[in-house]
Amino acid sequence: MSIWVLRGLRDGIVTARWPGRPDEYAASWRGPATVLPDAVPPGAVLPNAVLPGGLAPDGAAAGSALAGGAELERLCPTGAIEAVDQLRVDQGRCVLCGRCVAARPDLFTWSRGATRPGAAALARRALVVPDEPETDAAVAAARAALAERTTALRRSVHVRHVDAGSDGSEEWEIQALLGPVYDVQRLGIFFTASPRHADVLLVTGAGTVGMTGPLRATYDGMPDPKVVIAVGTDAVSGGLLSDRLTGVDGEVPVDVWLPGSPPSPFGILNALLIATGRLR
Amino acid sequence: MTMTSTEPTVAALRDTLRSRVADGMRFAGLFAARVDGGITLSAHVAGPDGIETLEAPLPPGAASYPALTPVIGAAFWYERVIRDETGVVPDGHPRLAPLIAPGRPEDHALPRHVAGYGMFTIPHGPVRSGVFESMEYLVETPGEAIPHLNMRIFYKHRGIAARFAGLTVSDGVLLAERAEGIASVAHALAYCHAAEAIAGCAVPRAAALVRVVHAELERIANHLDVAMRLADAAGLAVAAARFALHKERVLRLVGAMCGSRFGRGVIVPGGISAFPQLSQGELLAAIGPLDKQVAADSGALMGTSSFLDRLRGTGPLTPDRAREHGALGPVGKASGYADDARTARPYDSYPLLAAAPAPRHTSGDAMTRLRVRFEEVAQAFRLIGQALSDLPERGQASPLRVPCDPLDGRAVGWAEAPQGEVLYDLAVEDARIARCQPRSASFHNLVLMHEVFAGDILTDFPFIEASFGLSVAGAAL
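These protein sequence lines map, in sequence, to chains A and B.
Residues in the first sequence are numbered consecutively from 1, following the working numbering.
Residues in the second sequence are numbered consecutively from 1, following the working numbering.
Some hints here could point you the wrong way.
Which stretches of chain A does chain B cover? Using the computed rule of at least three CB atoms under 8 angstroms from a CB of chain B, they are [unchecked claim]:
| no. | segment |
| --- | --- |
| 1 | 92 to 105 |
| 2 | 132 to 138 |
| 3 | 161 to 174 |
| 4 | 178 to 184 |
| 5 | 235 to 249 |
| 6 | 259 to 265 |
No lab work stands behind these hints: they were computed from the structure.
A virtual CB, placed ideally from N, CA and C, is assigned to each residue, including glycine.
So here's chain A without its partners, still in its complex pose:
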């Protein structure tokens, strides 16, 4: 037994200091695709893209006002690119495949940083970049409503996780929060077995039929006030399965939207702090 005492001291302190101090690894995380600033001014005529073969899903927008817009929309296997009046990316649908970045580096790039502003959103439409003007008001309203609910939680938050049909990788990243590197207990965040003790519900997965009942029962079993975080692109929109499964919002009311396939542990931690009003 004593060997483990010594082994525990071997690497010194490995725990991240974030959010107290910036974290280089969190800042370098490669997130969903985004549109390069000023890549396409509104109403501009886009040149026809030269596309690699075999990338055309059926039913791209025919009424696009942007020349070449339909081709741009076809770049994305989950339909995250909108090129109707302005070029936008719905990061809630992005599965981080990088097709758009590879085909059109002049228009698209990766967003960087697991904890950057906007990495987790308080309204579904706020995941669409660049921002639409009307989402600012919606986000402000959501933040005010959330703050009213979560002031009572203060600095002791209990979290319950439910898998509603994930691919299994999101569970690894949530589990990592309990490990020595992220160690959420240092921030007064604890995982609990019982929904009766939980303040926050972390939901992963695209929302399978089989989990509808258990997910709802878990949510109903939690005391008020409660907050729901949709963890991962699958939970936000269904991701690649969105032809039949469209995420968990229809089953429980989502407060914080966190895209990523899967999101990073820092991203999940960031979403937890946003959900409890400790970060904006």
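Let chain A serve as the given structure and place chain B on it in line with the hints.
Below, chain B without anything else, positioned relative to chain A:
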């Protein structure tokens, strides 16, 4: 190499299958597909020359067929899935409750298996204590022993196989990576091997080496995850933290190589998408110390008697059952049945890399399964070192992919995931996926968990579950 032969009837298929298995081949899967309005059964058997596919059409409009499970016991879950997906009834199947279809609650009602004074059932799941994937265990117990266990995995059935239909071949790999998220690389490899077999293209040497590096890093991460869960179940907080730390370092290394902590986006049909973003020197400098630290901590764990006491003799799978079922991966290896796709049916650059012969184990308990995993981790580090030393420098490695645009055809691809062999049965028509049937090792091995609780008690449960190291996402698909 894959061969396909067609039998006239299911009865003939059953006889051929029986003789193949009697000849020492391994039953690797059974699926039903709707082809040209009718239903065709496809069975796969694995041998030293590759995977052989045996097909038999059902008569038009058939509502049932003679079940294969009475002859091939390992087909038990496969035939339940066939019934869930097509509605065709395998006649003579021992228990036809739905496996992956949600159905109505009464469809899932289970008669108590064990009767007796004081027997009761503990329903455990689908929302379980801790961070777990959703599935339900129904533990029949008189209080301490576990005479019988039932599992329900339908909760997170996502319909992955059906989703493949109609996708382009290049989009299919994205879905394969998300079929079983903790084995993304192995699934992408098995899928791409099938596509490459149809197109008849050979992967460039540098790409084949990078594929091996990613596949072995994924294996290390998965096995460290199992070690962490076992240490955690035994209450060894420091050991659990150590293995969590090592696992995080592996995931960060993978992320630094390709941008995704799970190696997603690297494997594409015909090769790899990009050269690793770290140089050979940087990779070797990261791998070396990690190898030493993992070896030291795994040695310490296998020398901690209070830990081993919980694992020794726990959840035993007998060699006979492992061979009969064709148990895959570390579960099979711990019980003396080692059919490792990397050596039995090698792919990518595995034929060129010298794998040390693995020691044979037969105890089949949770401790042996962990021992096998640590041996695989040590071997994975060696393979990565070899692959990196053969890898040309960035810039000299070209091309990284060859064109791979299969138009029409069908092939089976395979890869050895951390959980065991992954199979993809891929059919392409007019450059789009007509059918794609993934089969994870998790699905094939999970059914064995019914049988390993002999003499074990409730507190052994987390050890047995963790020692199997399976993913529910891969099992329920």
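Next item on the list: Tell me if chain B covers the segment 178 to 184 of chain A under the three-residue, 8 angstroms CB rule, please?
Entry: holds (count 4)
Margin query: Quick check: do three or more residues in the segment 92 to 105 of chain A have a beta carbon closer than 8 angstroms to a beta carbon of chain B?
Written below: This one holds; 5 residues, not fewer than the three required, reach chain B with a Cβ under 8 angstroms.
Check: Given as covered by chain B, does the segment 259 to 265 of chain A meet the bar of three residues or more with CB within less than 8 angstroms?
Finding: Contact hint for the segment 259 to 265 of chain A vs chain B: holds, 3 residues under 8 angstroms.
Item checked: Coverage of the segment 161 to 174 of chain A by chain B (three or more Cβ within 8 angstroms) -> Since 14 is at least three, the answer is holds.
Notebook entry, point to check: Counting residues of the segment 235 to 249 of chain A that have a beta-carbon nearer than 8 angstroms to any beta-carbon of chain B, does the count reach 3?
Noted result: holds (count 6)
Margin query: If you count the residues of the segment 132 to 138 of chain A with a beta-carbon closer than 8 angstroms to a beta-carbon of chain B, do you get 3 or more?
Written below: Check failed, 0 qualifying residues.
In summary, the one numbered hint that this structure violates is 2.
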